[in-house]
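*Asks:* What follows is each chain in one-letter form.
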Amino acid sequence: MKVSMINLGKKYEGRENFTIRDINLEIEDRAFCVILGPSGCGKSTLLRMVAGLNSITEGELYFGDRLVNKVEPKDRDIAMVFQSYALYPHMTVYDNIAFSLKMRKERKQVIHHRVLEAAKVLQLEEYLYSKPSDISGGQRQRVALGRAMVRKPQVFLMDEPLSNLDAKLREQMRIELVRLHKRLETTSIYVTHDQAEAMTMADRIVLLDQGNIQQNGTPSDLYNRPANLFVAKFIGSPTINVFRGTIQTGQFVSDSGQVRIRLNDRDQEATRNHDGKAVYVGIRSERFLPETSLRDGEDAITATIDVIENLGKEQSLVVKLPDNTELVMTMPGHLHFGVDEAHAFGIDPHALHLFDGETEVRLN
Amino acid sequence: MAILNREVKKKSGDLYLSDKPPLTTAGKVGLGFTYFILIVFAFIVLWPIYQIVVNSFNGAQARNIILGGGFSFSLRHFEHLFQETNYLHWVKNTIFIGIATAIITVLIVSFTGYAFSRFRFKGKKFSLLLIMLIQVIPTFAGITAYFTLHQIIVGVVPFFSRQMLLVMIYAGGGIASNTFILKGYMDSISPELDEAAHIDGSTNMQTYRLIIMPLVRPMLAIIALWSFIIPFLDYMLPSILLNRNQDYTLATGLFTLISDQRTMNQPAFAAGGMLTALPIVTFFMLLQNQLVSGLSAGSVKG
Ligand SMILES: Nc1ncnc2c1ncn2[C@@H]1O[C@H](COP(=O)(O)OP(=O)(O)O)[C@@H](O)[C@H]1O
Ligand SMILES: [Mg+2]
Chain A
43 MKVSMINLGK KYEGRENFTI RDINLEIEDR AFCVILGPSG CGKSTLLRMV AGLNSITEGE
103 LYFGDRLVNK VEPKDRDIAM VFQSYALYPH MTVYDNIAFS LKMRKERKQV IHHRVLEAAK
163 VLQLEEYLYS KPSDISGGQR QRVALGRAMV RKPQVFLMDE PLSNLDAKLR EQMRIELVRL
223 HKRLETTSIY VTHDQAEAMT MADRIVLLDQ GNIQQNGTPS DLYNRPANLF VAKFIGSPTI
283 NVFRGTIQTG QFVSDSGQVR IRLNDRDQEA TRNHDGKAVY VGIRSERFLP ETSLRDGEDA
343 ITATIDVIEN LGKEQSLVVK LPDNTELVMT MPGHLHFGVD EAHAFGIDPH ALHLFDGETE
403 VRLN
Chain B
6 MAILNREVKK KSGDLYLSDK PPLTTAGKVG LGFTYFILIV FAFIVLWPIY QIVVNSFNGA
66 QARNIILGGG FSFSLRHFEH LFQETNYLHW VKNTIFIGIA TAIITVLIVS FTGYAFSRFR
126 FKGKKFSLLL IMLIQVIPTF AGITAYFTLH QIIVGVVPFF SRQMLLVMIY AGGGIASNTF
186 ILKGYMDSIS PELDEAAHID GSTNMQTYRL IIMPLVRPML AIIALWSFII PFLDYMLPSI
246 LLNRNQDYTL ATGLFTLISD QRTMNQPAFA AGGMLTALPI VTFFMLLQNQ LVSGLSAGSV
306 KG
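So the protein sequences, as listed, match chains A and B. If you're matching positions, the first sequence starts at 43 in the working numbering and goes up one per residue. If you're matching positions, the second sequence starts at 6 in the working numbering and goes up one per residue.
This is chain A alone, in the form it adopts within the complex (with noise of 0.2 Å):
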């Protein structure tokens, strides 16, 4: 079902200011959208007003073209999965799983088909009667799972589902997770605050902070064509390199004069009414090129390396500039670098992310 938010705000009892405010937002049927933002930006806020278990201050939610502003959550046709997995704890697994069914007065037989399909694809047949406390934090995170999809939803909301899992869990349920969304084939909302986890399971990325949609776009949107500085400094690790400085004549001049940047053809274009002004530039981590496939005439940099973290195929370099600005590079894992060395380092001048230095909004 399609999800649209018109003007969607919300301010909670007892705050001076709305928590989120003008969400415009329309995620359309069978989509996984991810909501990312940095921690207390308003995600869950945001989730739990599309549950109904939040009021909604001001604006329309509409499912698809029923405005649903003051429809019980559980007639909603939703199903949540929350961060703390919230088990009922003295209810056993198959109980868990057929809680749902049963308030909804489904035969028997039925429920137990549905229960029985939903283990059987989460694999928890074996613990069908298990308590929530016998079983382990990823089968919990399943049973959570389970639970959410035997009613079958229109719309499947997840609150930082993973976040209690260790790291190789996490991963291995971040593709069952998609996987599960297009079986179910249904509209996915995904609440999380980690950037990898959004960029590998997004259909599209809306990515809150202070209360705004600061870009709303494909994961490749948001890395290539961040929207605003915070977008290119949230999405991405490392971190994108960000360079304070002006424009001159076509070329970027960093604050300290260190570092030096011809723009091509089409940023020079795009910052024509900036020559002068306050801007930064980011550049990603991979977009720096090594000494050897320097061409004569082409811009570098020199720097010294401080710390090297070697991950066998490429190397995450940090290094410093005379003036003493940290870069982070990544470089192939077979060029060799040595601590403390000098080198020279090329920036691709297609690699440009152009910013304004008072808005820091995109400029190219």
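Because the hints were derived from the structure by calculation, they are not lab data. Honestly, I wouldn't trust all of these hints.
As the list claims (entries may be wrong) - Mimicking SDA-like on lysine to any residue, the simulated pairs with C-alpha atoms at most 20 Å apart in a straight line are: (1) A:116 to B:208; (2) A:173 to B:194; (3) B:127 to A:55; (4) A:53 to A:132; (5) A:116 to B:210; (6) A:112 to B:124; (7) A:144 to B:211; (8) B:129 to A:144; (9) A:116 to B:196; (10) B:127 to A:57; (11) A:53 to B:125; (12) A:147 to B:211; (13) A:144 to B:125; (14) A:194 to A:53; (15) A:53 to A:96; (16) A:173 to B:197; (17) A:147 to B:208; (18) B:129 to A:55.
Let chain A serve as the given structure and place chain B with the ligands on it in line with the hints.
*Replies:* Okay, now just chain B with the ligands, sitting in the frame of chain A:
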């Protein structure tokens, strides 16, 4: 190698395995002192109970208990209790009042506790505090009001007995503190459980009955037990409110055996007091299964 092994084995016989550091001399003296105090206290508690048991079976005792006399086993004090007094009535009355108090208290406190724990409403903070404050005034101070109240209610509901009034006073008196305790217990249960249940399609009532109540059962059992015991312990109110010997509770009834020269029988009083423990112990055993706690474990991550 073999020698070494044997040595290790020999030593393991007197390995020091406790997690606590070994006692110093001062520590040992302190420990001895602690044991001494505990034994004295145990004696203070157990001696009267011992006397009660012995004297209630002692046929050599007459109407007044005399310590240091002879002992001859007999059940005649029990016979006196069952045949010459309204003892069985008293037991029945007390159990009735106890059970009614427990049921009413648990029912009311279930709702108030849930409401105070889960819902936001105007005056939430103050209302509970106010009731608590009012309860500081001894129940006894309201005695004239109770009489008037009873008369008014009897006007409307003729079969409303003095015992029922007693139940009302006991149950009402416990509501504030029990609500407070139950609310605290419920607050420790994640509200996400309620929310999950709501999304799963249950109403507030169903959420309470199917999710919350099973989890707070140990606390409800304790509240039920406390409420059940009240009429066994209270002497003052029943002695004023109840006026026929056969309406008495155990406390007031038994008291007639030591207060009134005409009905004086101290060994029977001891025997009756001893038997009083039976219904309480029975009730406790019935509730014991419910008292098993630790159900909340496992709902939230691990
Ligand atoms: N029930 C509430 N009452 C008042 N303020 C709340 C309530 N729930 C959340 N908030 C506030 O709203 C803001 C956003 O919270 P939340 O949506 O949980 O953030 P996120 O899930 O993105 O970490 C926080 O500042 C939080 O303190
Ligand atoms: Mg949150």
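*Asks:* Now look at each hint and say whether the structure bears it out.
*Replies:* Hints versus structure:
1. A:116 to B:208: Holds: residue 116 of chain A and residue 208 of chain B sit about 9 Å apart, inside 20 Å.
2. A:173 to B:194: The hint holds at about 17 Å.
3. B:127 to A:55: 12 Å, holds
4. A:53 to A:132: 35 Å, violated
5. A:116 to B:210: 14 Å, holds
6. A:112 to B:124: Roughly 18 Å between the alpha carbons, so the hint for residue 112 of chain A and residue 124 of chain B holds.
7. A:144 to B:211: 12 Å, holds
8. B:129 to A:144: 34 Å, violated
9. A:116 to B:196: 16 Å, holds
10. B:127 to A:57: Between residue 127 of chain B and residue 57 of chain A the Cα gap is close to 17 Å, so the pair holds against 20 Å.
11. A:53 to B:125: 16 Å, holds
12. A:147 to B:211: The given pair, whose Cα atoms are some 13 Å apart, holds under the 20 Å limit.
13. A:144 to B:125: 29 Å, violated
14. A:194 to A:53: 32 Å, violated
15. A:53 to A:96: Roughly 10 Å separates the two Cα atoms, so the pair holds.
16. A:173 to B:197: Status holds; Cα separation ~18 Å.
17. A:147 to B:208: At roughly 13 Å apart (the allowed maximum being 20 Å), residue 208 of chain B and residue 147 of chain A satisfy the hint.
18. B:129 to A:55: Given pair residue 129 of chain B, residue 55 of chain A holds - Cα atoms ~15 Å apart, limit 20 Å.
Checked against the numbered hints given earlier, this structure breaks hints 4, 8, 13, 14; the rest are met.
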